[in-house]
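Using the sequences provided together with the hints, build the complete structure.
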Amino acid sequence: MRKARAGLSAFEARAGEAARTLLHNQGYDGGWGLTLTSVSSIVNTSEVLPILRAAGLAGQPVRKALDFLTGAIPEHCRPRHKGGRGEHTRFVAFGLTGLLSHPRFFHHDGVVEAAVWCVGWLEDHRVDHGWPEVLGLDDTSLHQTALAVHGLAQLRDTLHELGPGFVLPGGADTTSLLGRVEPLIDHGVHGLLYHRRSSGAWGWRTYVNTDPSPSKTALCLLALSAVASGAGPGGEPAYRDAPRDAGGVHGPVQKKRLTEAVVEAGQWLLRNHHRWETFVEDDKDVQGTAWEHMAYALCTQAVIRAGANPRDPRLSTAWRLMNDLWEPEAGMWNEPGAFVKRATIRAAYYTVSAYQEALGRLARIGIGEEIRAGNSDIAVEIPLRGAELAAGHTVLLTTPDSDGPVACQLSERLFDLAKVVHDGPGEGMSTEQIAQALFVAPSSVPKYVQRLNQAVSAALGGTPARLLMADTVNGSGGYAWARSEATG
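The numbering used here numbers the first residue of the sequence shown as 929 and each following residue consecutively.
Calculated from the structure, these hints are not laboratory results.
Since the structure is predicted, the reported quantities are computational estimates derived from the model, not experimental observations.
Be aware that one or more of the hints could be misleading.
Quick list of the computed label-pair ranges, beta carbon to beta carbon [as the list claims (entries may be wrong)]: (1) His-952 to Pro-1097: 28 to 34 Å; (2) Gly-1093 to Asp-1056: 30 to 36 Å; (3) Asp-1101 to Ser-1126: 40 to 46 Å; (4) Lys-1269 to Glu-1164: 45 to 51 Å; (5) Pro-1180 to Ala-1319: 45 to 51 Å; (6) Asn-1402 to Glu-1316: 24 to 30 Å.
Beta carbons are placed, not taken as given, at the ideal position from N, Cα and C, and that holds for glycine.
In structure tokens form, the structure reads like this:
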């Protein structure tokens, strides 16, 4: 149990240790491969850079990695018979995200020029509804299209931050480059929405009516969220989130805003958490290369991005797995495997991304200080098996470890809060709705929720537990009654 308690409170120390491990194993060419002894690749080098940033490291190692990417991206994309690694979209899509992982180095030698080269490549190699896995295939790859859209959204945001008409190294300026980037984003968004299922998920193959894929759903969710959340000049939204056609390849066409598609994809992933919470999902779209997604971490990041509380009991198994995959001797995270576990950059990248998303979300809902003080932990969140209102401003709580209900005595105001949410719609209530019901300011609601949850935790002997869970309700922030383990 003590090992499981490490979790989020240990994340910053582990991220720092992983970053130091990676720095000690940086290749002479500035890159990294899948394992600490593998040949450098664009994909894995681009995965390392966000880990270094999460640990607060930059300087010469980042410059060397960017130098590797600026040279490797066009070289990798050459046809194999000309000495390259093949004309794969992933070299451009991953490479672009790597180039933009440290915005302060956007003016580093060759970075802007390489990003412009990626834009040109994506312009030249579009197919219907996105981009292919490899040139010569007409089928759109959801994986590559999602990665391309995500990278282009990052580039758009970087250009907006620099301001209109800003002259970039190599002769381009921000306005003209934005004029090329935004149509590509729109092309990719159209393709992702076209392949969306009416359930809110995406399949593991395009154009073929396959089962839904957790990892493809998560990738598409993250890409659409990146597009919808960016800020333009003056802080206004960078993307007009108007209703667009969604679906068409299978089932009827629906009208969806990107934010709606993101929320519904997150809800699908939460409802189907048992399909990915301990899994590595292989990617059947990739030809000639065994490609795997760390679904347990990728999907966790995605559902939090869509508005879920990191403490949701349906995420507890995934958090426990990520915690247990930490390998102290290697100073890295292992990949789960059927026969052997091995420390990989891929596992570290996905895991760090999930923890970073959780930290940001918890800070926004007002409990970030608990984590920094070491007083809170995702991994030890105890799900409530039951919670019922009783007489005398009391809530009866049942946990998986309790022999019977535990009485939690509340003040009149906190009991009123609990009753409002308990008696409200099953999907929860928005902050505005709760505020109106209690006749308080919306800004006061999170404070009351925090005090209520602290009272619940105290009644259970200090065990972290939540009666009200932060959630997205009808596209707005709000709270829902704690779900029991059985309803996951």
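Has the hinted range 45 to 51 Å been met by the Cβ atoms of Pro-1180 and Ala-1319? Taking Cβ atoms as reference, Pro-1180 and Ala-1319 lie about 50 Å apart, which means the hint holds.
Range agreement (Cβ of Glu-1164 with Cβ of Lys-1269, hint 45 to 51 Å): At 47 Å between Cβs, range holds.
Should the hint that Gly-1093 and Asp-1056 are 30 to 36 Å apart at their CB atoms be regarded as holding? Since the Cβ atoms of Gly-1093 and Asp-1056 sit about 34 Å apart, the hinted range of 30 to 36 Å holds.
Take the C-beta atom of His-952 and the C-beta atom of Pro-1097, compute their distance, and say whether it sits inside 28 to 34 Å. holds (32 Å)
Could you see if the CB distance from Asp-1101 to Ser-1126 stays within 40 to 46 Å? holds (43 Å)
Outcome for the supplied range 24 to 30 Å, where the beta carbon pair is Asn-1402 and Glu-1316: holds (26 Å)
The structure meets every hint from the earlier list without exception.
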